[in-house]
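Enquirer: Here the protein sequences line up with chains A and B, keeping their order. Heads up: the first sequence runs through residues 1 to 310, numbered per our numbering. Heads up: the second sequence runs through residues 311 to 780, numbered per our numbering.
None of these hints come from the bench; they were simulated from the model. Some hints here could point you the wrong way.
Selected chain A positions facing chain B (Cβ under 7 Å, derived; list incomplete) [to be verified]:
(1) 28
(2) 31
(3) 32
(4) 39
(5) 141
(6) 142
(7) 143
(8) 193
(9) 196
(10) 235
(11) 237
(12) 239
(13) 243
(14) 275
(15) 279
(16) 283
If you anchor each label on the Cβ, the simulated ranges turn out as follows [unchecked claim]:
(17) 110(A) <-> 408(B): 47 to 57 Å
(18) 26(A) <-> 468(B): 50 to 60 Å
(19) 660(B) <-> 156(A): 51 to 61 Å
(20) 187(A) <-> 560(B): 38 to 48 Å
(21) 148(A) <-> 697(B): 55 to 65 Å
(22) 519(B) <-> 13(A): 21 to 31 Å
(23) 550(B) <-> 288(A): 32 to 42 Å
Here the structure is a predicted model, which means the values were calculated and not measured. Cβ coordinates follow ideal geometry from the N, Cα and C atoms, glycine included.
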Amino acid sequence: MPRRLGEYRPDATRSENALNVARMFDIYLLEAAINGILLGGVLALLALGLNLVFGVIDVVWICYAELIMMGMYGMFYLVSVYHFPFVAAALISIGLVAILGILLHLIVIAPLLNAAPINQLLATGGVLAFLQALATVVFGIDFRNLGIRMPVIEIADMFISYARLLAFGTALAGMVAVYLFLTKTYTGTAIRAIAQDRQIMPLMGVDSRRIYLVTSAIGGGLAGLASCLLVLQYDVHPFIGLTFGPITFMICVLGGLGNMIGGFVAAFLFAEIISVGGLYLDLEWGYVFAFVFFIVVMFFRPRGLLARNS
Amino acid sequence: MGVASPYHARRALPRVARPRIVAAKAATQGEMGMRMLMRRGLASLVLACGLIAALAAPAVAQEKKIKIGVVYDLTGPFAGGGSDLHYLGAKIMIDYINRTGGVEGYKIEPIYVDAQSKPDVAINEAVRLIEQEKVDMLLGFFSSAECVPAAARIEQFKKFMWITTCIAAPVLEGRNMKYVFRPQPFGRQWGVSSTAMVAHYSKAQLGKDPKDVRIAIVHEDGAYGTDVAKGTAEGAKTVSLEVVLHEGYSATAPDLSSMITKLKRARPDVLFHTGYNPDITLMLRQAREGGLRFSTLIGHGAGYGVYSKLKETLGADASHIFNVDPISIWQANAKALRPELIPLIKTIGEDYLKAKPETTIKSAHVGMAASNTYLFLSDVLPRAIKKYGGIDSEALRKAALDVDIPEGGTMLGFGVKFLGEGSTMAGQNDRAAPVVVQYIDDKAWVVWPPSQQEREPVLKLPASSPYAAK
Numbered sequence: 001m002p003r004r005l006g007e008y009r010p011d012a013t014r015s016e017n018a019l020n021v022a023r024m025f026d027i028y029l030l031e032a033a034i035n036g037i038l039l040g041g042v043l044a045l046l047a048l049g050l051n052l053v054f055g056v057i058d059v060v061w062i063c064y065a066e067l068i069m070m071g072m073y074g075m076f077y078l079v080s081v082y083h084f085p086f087v088a089a090a091l092i093s094i095g096l097v098a099i100l101g102i103l104l105h106l107i108v109i110a111p112l113l114n115a116a117p118i119n120q121l122l123a124t125g126g127v128l129a130f131l132q133a134l135a136t137v138v139f140g141i142d143f144r145n146l147g148i149r150m151p152v153i154e155i156a157d158m159f160i161s162y163a164r165l166l167a168f169g170t171a172l173a174g175m176v177a178v179y180l181f182l183t184k185t186y187t188g189t190a191i192r193a194i195a196q197d198r199q200i201m202p203l204m205g206v207d208s209r210r211i212y213l214v215t216s217a218i219g220g221g222l223a224g225l226a227s228c229l230l231v232l233q234y235d236v237h238p239f240i241g242l243t244f245g246p247i248t249f250m251i252c253v254l255g256g257l258g259n260m261i262g263g264f265v266a267a268f269l270f271a272e273i274i275s276v277g278g279l280y281l282d283l284e285w286g287y288v289f290a291f292v293f294f295i296v297v298m299f300f301r302p303r304g305l306l307a308r309n310s
Numbered sequence: 311m312g313v314a315s316p317y318h319a320r321r322a323l324p325r326v327a328r329p330r331i332v333a334a335k336a337a338t339q340g341e342m343g344m345r346m347l348m349r350r351g352l353a354s355l356v357l358a359c360g361l362i363a364a365l366a367a368p369a370v371a372q373e374k375k376i377k378i379g380v381v382y383d384l385t386g387p388f389a390g391g392g393s394d395l396h397y398l399g400a401k402i403m404i405d406y407i408n409r410t411g412g413v414e415g416y417k418i419e420p421i422y423v424d425a426q427s428k429p430d431v432a433i434n435e436a437v438r439l440i441e442q443e444k445v446d447m448l449l450g451f452f453s454s455a456e457c458v459p460a461a462a463r464i465e466q467f468k469k470f471m472w473i474t475t476c477i478a479a480p481v482l483e484g485r486n487m488k489y490v491f492r493p494q495p496f497g498r499q500w501g502v503s504s505t506a507m508v509a510h511y512s513k514a515q516l517g518k519d520p521k522d523v524r525i526a527i528v529h530e531d532g533a534y535g536t537d538v539a540k541g542t543a544e545g546a547k548t549v550s551l552e553v554v555l556h557e558g559y560s561a562t563a564p565d566l567s568s569m570i571t572k573l574k575r576a577r578p579d580v581l582f583h584t585g586y587n588p589d590i591t592l593m594l595r596q597a598r599e600g601g602l603r604f605s606t607l608i609g610h611g612a613g614y615g616v617y618s619k620l621k622e623t624l625g626a627d628a629s630h631i632f633n634v635d636p637i638s639i640w641q642a643n644a645k646a647l648r649p650e651l652i653p654l655i656k657t658i659g660e661d662y663l664k665a666k667p668e669t670t671i672k673s674a675h676v677g678m679a680a681s682n683t684y685l686f687l688s689d690v691l692p693r694a695i696k697k698y699g700g701i702d703s704e705a706l707r708k709a710a711l712d713v714d715i716p717e718g719g720t721m722l723g724f725g726v727k728f729l730g731e732g733s734t735m736a737g738q739n740d741r742a743a744p745v746v747v748q749y750i751d752d753k754a755w756v757v758w759p760p761s762q763q764e765r766e767p768v769l770k771l772p773a774s775s776p777y778a779a780k
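Next comes chain B alone, as it looks inside the complex:
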């Protein structure tokens, strides 16, 4: 690092003083006078430097660091599907904390790595960060396909893992993880939430009782899509919606036209879709070309959370599409949040626009990662240092289990209380929940749950939409 240690600075003083005495005996008077002056000057200079170093010593000693391995997909299909926005959110927050003095004397030293949208790379990078970079903990992870195996591997190392993004339940479910924590809601909550909304408004807006509403569930067949679809099926069963098609597909499939034909045959009123991106735009493009009609389209996060991309591909047809995700921090009810969070939300927005000036609607993805990163840096980490005496995995784990934040205590609106050992979802935030938003006229409106509703949902697509059921 090139910073002189206080130990070496103090040792330098006697080394300079000793030769001064020996030399004084050998020199003539005149020479001695000059040399004395020069040496005194030199000695004074060294002494001054030593003093400065000694004074600076406490400050240098205070500059402790916590090395955090930050893992997102910066290349590959997941990057454009939202991972780069999560990376941006986490980076904005880490930079902000460092800019404002760090955490309890600790500077955050992030090591950003690219999982390349590949689970094997995510695992290898996590192991490299632990074994070679000697990180204290890991943070991030966008894709559930990476998260599920990476979490198990990191747990084996007994390293602390703070998940900002991936939502699939199998990351934690039944695994009794000790060091893996996720403040995010989990996948099945997405489907449960959206089906509840449809059932609530079906009679008024679709003119049908829930039991007569035909729904289709289509999803990418990775851990993320499968888990969300499972929640959708569970939710549909709870509120008595009729599932007429339930189908998975590979996110890299070059053609989805067979599925479109099948959907046409099934004639759903409501289409519940979970995908990343290019598969979302491919499906919607082929749905339009294939003449698929429905009343309502509900997307479940990932690519549906990046409205600018939907708009770019679908144009005006992106209007009235629903998306389920944790609330955008820029839409959270400011009156219900802790007051100190409000200026922070503004700062994150400004930094976001500085990094991506072309943004029209600020994506919820950035705020999600920023909020979850902030939660760790402002709550868990200080408690680990102050109450449990350090930043080792055990201290971080205890500090995380102590978190008890009521609703309104995070930028995402929800509270935080992690389920502990013995629970089937140990490490999961029990107070997290997603909301349903609807894109209308280039604005994202929170339409569900009623407690956070900005306006009522419009279940029927406008007649001008090529997808609208005739």
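The following block holds chain A by itself, in its conformation from the complex:
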């Protein structure tokens, strides 16, 4: 077996072992750290919409990644089959997934708003299975991709994925936009107010049904936005949601369910552990460390890193 970086071998000389440790801190470590930040951007973007919806409506969309999958199919058909320009296709896909978010709320969530959380979870879990099956029947099992090859940025022997950079930038911009919307607009203020107290605000004249619909549309829209960026990096197939769904949910819980800043921080922490951990040990160990970190945090801060007070 080839010798791992940093590995101590009793049969090697002291200087050989020291050199092997020193070799750990090379340009590739920096590249792995940058890759971790970029992966964090992707995960943060995924967590943003899920956190917003939970923060306001108090329901976890377990099927969130499947909404993204539908958006990716929308992008595929609009760009590859109907030859729409990418930006136009992205706007349409965001709109379509926003409508899906509204429909999800009206058909599934609204009748269960006062039901036990487990019932709400099961219902959105049912939607997950439904969307997977629907995609299999309608789109087939083939892996689809846009066939778009994004440029690569090369800086000092380091390569940075343009698609990842785009996702990272969009996640930051999305975060700022959602923050500004929630703090600077009347509807945003109403959303925050509802998030703080669902019982009292309707008595003070806030139309909670409208607020829920707006929140669902924004949540869906953010899923649509994520789908436009993920389709540049991943093949789309009916089960692509399984790749992102569990990890997105974990990040939301790690950051504090409903806390968008917490989700943002958790996404980067998680991604860095996976990326740098995977560099020095087997890739799978990176995930093991990330999950151990999650468990430890849950022991000491069961409500998440930046949990809400209420």
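Starting from the structure of chain A, add chain B where the hints point.
Expert: Showing chain B alone in chain A's frame:
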């Protein structure tokens, strides 16, 4: 089934005849004449029907059936990774056999089930097929992750299992299976074959002795990838290639960029990769974006066997990639095959294109399942019926152990002789072997072993490839 049994048809005759005698005594002459005529007509009709039924009886009795549970992944990630093509190959062959009269008076009744790319579903479906559908045997299985536990469960039921696809050695190795048979080569042969080819051409094409060739082995960490990677490491050791990285990853991992960085640090000349699909395209996409360079990329089956998907994702960069698999039946040396197989290969190709008209290069996957299914239906099953008197697991097992087909006797080119009890790989076809193909200019060329070579391999990627080592 709605088919009248000959027993009931014969019983119908006296029941109609008896009332005719009783009625004749009670009726007047005129009425009797009319009734007599009507009844005679009716009786004649019933008699005729009875005769027809009696004549048809031997034919009906001949329509015996063998129920086969056919298990592939029709949904989930493995489906697009090649399993749906194996399903198609098996179905084409079963339909063909039924169309041409069945096997020794037996009609094949397939029950197709979807394992959903999940080992637990594969096991549950196999058990359901045995216990509820009462199948006589099981056939298929794409993923080794499903195959390993499913084979053990099916063996517990003492049901016959004919594996058309999955290749991991642990399915059979050291388990002394009695009723599980695999005509396919097994996983480690993939790696042994590809490393032998690299060592053979390294000096001439890479300008390096094998001991100076740096290779990296990356694989999905399921039973399939692990076994093939083990074979690659063994093969590398045998031919003295230097392994600079050996790493597994989960086929569902959302990100492989750390592994790409590690590969860059290891600077391999040759990359040996075993994966399903979307992980293959994810790795190659991230490799391009991450600036990974190498001279040679050798894929080991599954997603690498579906060229159309590679081409769709990678475009021109799919050129010069190698794949190891049993030979495509459409590329097997026709002169070396049994003559009666040639028109059959053509028929399978036509049915394949009918089912998937968008196909550019016919995938080896379809032919693999078709050939292995045909081997069972044309050789094992008839022998079980004729020589061992039936289709029970014991008869099928004995018939399988009797198979002795020399090279050129199957559509895949290799011969068939199963290892029996006492062998560590009992149930494995000892004469099976994969070949190495290389995709060049949208055509798959057999480049290894020399006995089946269509052209020499080109180990160095063209300079135009974004992966090409500078």
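Enquirer: Is the hint on residue 275(A) kept, meaning its closest Cβ partner in chain B is under 7 Å away?
Expert: Holds, because the Cβ-Cβ distance from residue 275(A) to chain B comes to roughly 5 Å (cut-off 7 Å).
Enquirer: Confirm or reject the claim that residue 110(A) and residue 408(B) have a C-beta distance inside 47 to 57 Å.
Expert: holds, 52 Å
Enquirer: Next item in the hint list is residue 39(A). Is there a CB on chain B closer than 7 Å to its CB?
Expert: holds, 5 Å
Enquirer: Holds or violated: the 32 to 42 Å window for the beta-carbon distance between residue 550(B) and residue 288(A)?
Expert: Cβ of residue 550(B) to Cβ of residue 288(A): about 34 Å, so the range 32 to 42 Å holds.
Enquirer: With 7 Å as the cut and Cβ atoms as the points, is residue 279(A) at the interface with chain B?
Expert: holds, 5 Å
Enquirer: Grab the minimum C-beta distance from residue 235(A) to chain B and call the hint holds if it beats 7 Å, violated otherwise.
Expert: Hint holds; residue 235(A) Cβ to chain B Cβ min 5 Å, cut 7 Å.
Enquirer: Would the stated hint for residue 31(A) survive a check requiring a Cβ distance to chain B of less than 7 Å?
Expert: With Cβ-Cβ at 5 Å, under 7 Å, it holds.
Enquirer: Hint validation: residue 32(A) versus chain B, beta carbon distance must be below 7 Å. Holds or violated?
Expert: Hint on residue 32(A): holds, closest Cβ of chain B at ~5 Å, below 7 Å.
Enquirer: Have a go at the residue 283(A) hint: is there a Cβ in chain B nearer than 7 Å to its own Cβ?
Expert: holds, 4 Å
Enquirer: Using 7 Å as the Cβ threshold, decide whether residue 196(A) counts as touching chain B.
Expert: violated, 34 Å
Enquirer: Are residue 243(A) and chain B close enough, Cβ to Cβ, to be under 7 Å, as the hint says?
Expert: holds, 5 Å
Enquirer: Holds or violated: residue 193(A) as interface residue toward chain B, Cβ cutoff 7 Å?
Expert: violated, 36 Å
Violation of the numbered hints given earlier is confined to hints 8 and 9; the remaining hints are satisfied by the structure.
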